[in-house]
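Visitor: Modelling step: build the complete structure from the supplied sequences, incorporating the hints.
When you line the sequence shown up against the working numbering, it's residues 1 to 54, in that order.
Hints are all accurate, no fakes.
Restricting the straight-line Cα-Cα distance to at most 20 angstroms, the calculated cross-link-like pairs of lysine to aspartate or glutamate (EDC-like) are:
#: 1; residue 1: K47; residue 2: E27
#: 2; residue 1: K41; residue 2: E27
#: 3; residue 1: K43; residue 2: E27
#: 4; residue 1: K37; residue 2: E27
FYI, nobody ran anything at the bench for these hints, they're computed from the structure.
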Amino acid sequence: MKLKEIDGFQHTFWTPCGAHFLYLILEVIAMISLHKKIIEKVKVVNKFIYGHTW
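Guide: In structure tokens, the structure reads:
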């Protein structure tokens, strides 16, 4: 499914990236103070787990 045909390139199409979209949504959610404290704690746990792999 083509969303937008780029001028001058008949076979090159622009499509949105789902991963980038989710990243932007998660950034907005992270700005909410209710979630901010939880996200900071999760980041600490994440760093600990990835720093102590076998």
